[in-house]
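Protein chains: 2
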Amino acid sequence: MNNELALQTLDALRRVLGTNPQQLHEPSFEGNEWVYLKDCLDSGYVSSVGKYVDKFEKDLATYTGANYAVAVVNGTAALHIALKLSDVSQDDEVLIPALTFVATANAVTYCVAVPHFVDIEEKTLGIDANKLRQYLADITEQKSGQCVNKKTGRIIRALVPMHTFGHPSDLEGLISVCQEFNLNMVEDAAEAIGSYYKGQHVGTFGLFGTLSFNGNKTITTGGGGAILTNNEILAKKAKHLTTTAKISHKWEFRHDDIGFNYRMPNINAALGCAQLELLDSKLFSKRNLFSLYSDVFDQFSGIKLFQEPENCKSNYWLQTLILEEHESENLQKILESTNNSQIMTRPSWVLLNELKPFLDYPSMDLVVAKSLSSRIINIPSSSNLGNI
Amino acid sequence: MNNELALQTLDALRRVLGTNPQQLHEPSFEGNEWVYLKDCLDSGYVSSVGKYVDKFEKDLATYTGANYAVAVVNGTAALHIALKLSDVSQDDEVLIPALTFVATANAVTYCVAVPHFVDIEEKTLGIDANKLRQYLADITEQKSGQCVNKKTGRIIRALVPMHTFGHPSDLEGLISVCQEFNLNMVEDAAEAIGSYYKGQHVGTFGLFGTLSFNGNKTITTGGGGAILTNNEILAKKAKHLTTTAKISHKWEFRHDDIGFNYRMPNINAALGCAQLELLDSKLFSKRNLFSLYSDVFDQFSGIKLFQEPENCKSNYWLQTLILEEHESENLQKILESTNNSQIMTRPSWVLLNELKPFLDYPSMDLVVAKSLSSRIINIPSSSNLGNI
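Protein chains in written order, with my numbering: chain V, 2 to 389; chain W, 2 to 389.
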């Protein structure tokens, strides 16, 4: 019976994807990528200064509706600086979901701060606001307007919702928790360009939002990321810190802070400008792919295709199957049968609190995250698969 | 009389450079850059996996003679990981020259360690080994094979020679100091690809060496850097830590350490492969430019053109004028007259110990660095200026 579900899943995927090998997510370049790259080489501007960096930042701000965007070298760097400018410093705690890519936790540690893992909810795959509220009511107290973990004595400084596979978290619920407990909110929207919560682009609700343009994302700059914010002063600080904190001068090298070399090179930004022009058509294709998958998986029992949460528009970055709990034992079989047949699938990340470097960090009860991590399967999701 | 030296300098530069505006250092792309970039777009491999990353690493190892090279996102990241893998950890001190780009000190702080500034010598522009030996004999004691700063109580873990403007530091002298005082040596060779000390490429003498391929360097990847090492285990660790410390697995996401997203994207490596093919011809042109500058500046009194140290071959990354001490008051006038005439020149970096973020860090007497920082002028140095 176990093998049966694995075979049915493989068959369903093949009905949508055909018989060719399929990667999980591949980039595609159908626009001005080559024109803009050539322009970089012709002009000699490939590096840290150049018109494509400025253009990409403006285009990103326009697209997302954020007042400001700062292009950086990747999503991890974006999160690091966003946390730093949210006053996260040594020995602070930062609340992050247990189910996320490791970069979310790593960025916290770069601030010499402490990741504190919280549970998620099945309806958004993001942090469960109600459960978090109850937890914080139990374990924290307010001292001089700061949220203090009574158990560790440390300040809990920030909350980082991550919009899993592009699906918006419960932003209203989480904003309300942040207000109630005096937490700064930084949205890890690495996976979520083109996703909206009640009509507003994700990454624009918190003090900061961060994006990733890694090669496996909806649009790519090779490697890259961006910091979004609506606050002019914070945007200027983000630009300053990510460009070695150099004070502008025609020839003098003077730096007024410990800065970072997190600039996005012009050549990567050029790729980003071209990719951003294609984003809406990619989103259309990805939504169509969801619909194609729906047609076959709607008839399944034991597996459902994850659909965007209510009042949200998801970019459907990674299409997601979720096994019912009584089928979770079939996860490995499905992964094996699909990958062995050259249809790449993968489970969710191993929960971060189960990874060696994070074993000793604080966490709440993670029963939902634990359950979901044994039931999630991402299936091929490249935008060109949904082309009509 | 002050104005006279400034005018003479401007006139001398124009005799070599002609009347067109000149940047300090511009990249040039005369090789396979287009071909390789297009191949990335055509193949879809622009990001963290791809044949150009592997090829660039192999080509760099071959070129420098290092056993291993790990391509990363920039020179700062390279230095961060090299220091980390040299056991630099919280509250350790790291000896670095006061006269260097700020990244050298920043990378130390990323390890939550303490930069300790040391003096340089006029004949190499790098750390003065004899002065350092005397200083360490005075202020340190050996405890269980570790070098302890008697004043601060902290362990001095490593020494970072920086090969200034591409000129090799006194490596034999510095290696001897490292051996005597139990220090790990990490060479900051960000500026020095193509430079040799007694016939061996710099960056291959220490436990690690680091390179930069920023747009202003001799060859560029847009943004990029590399870690060199002769130690297989350390090379594997460097690759692991710079790629999020993920354990290799077909679908599982498990990380065994706090890693970093420091991968060089394939598209940047593609540029690097093409640029590396051109390196020898660029070095030839840069050496020729030195010769052209020599012809005019040899007749100057009060200013000398800096020449590669004895037994060394320099890449002449940035051509360097050094004012005699009695002419140091003319530095600003020369900078103004040249930059106002659109011939870009610049002084050395402001000494790091004089920057706000580093004011409270330890330093030895820095009399030579201080003097040189008021007498150095870098002049236009692009490789295409020396084409014959």
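These are computed hints drawn from the structure, not numbers from a lab.
Among the clues, some could well be false.
Where chains are identical, the list cannot tell them apart; a pair therefore holds if satisfied intra-copy or between any two copies.
[To be verified] Straight-line alpha carbon distances no greater than 27 Å define the calculated BS3-like cross-link-like pairs of lysine-lysine that follow:
| id | residue 1 | residue 2 |
| --- | --- | --- |
| 1 | Lys371 | Lys251 |
| 2 | Lys144 | Lys52 |
| 3 | Lys144 | Lys39 |
| 4 | Lys251 | Lys357 |
| 5 | Lys357 | Lys247 |
| 6 | Lys152 | Lys199 |
| 7 | Lys144 | Lys305 |
| 8 | Lys85 | Lys39 |
| 9 | Lys56 | Lys39 |
| 10 | Lys238 | Lys334 |
| 11 | Lys240 | Lys305 |
| 12 | Lys334 | Lys371 |
| 13 | Lys85 | Lys357 |
| 14 | Lys85 | Lys247 |
| 15 | Lys132 | Lys357 |
| 16 | Lys39 | Lys52 |
| 17 | Lys371 | Lys240 |
| 18 | Lys237 | Lys357 |
| 19 | Lys334 | Lys247 |
Which numbered hints are broken by the structure, listed smallest first? The structure breaks hints 2, 3, 6, 7, 8, 10, 11, 17; every other hint is satisfied.
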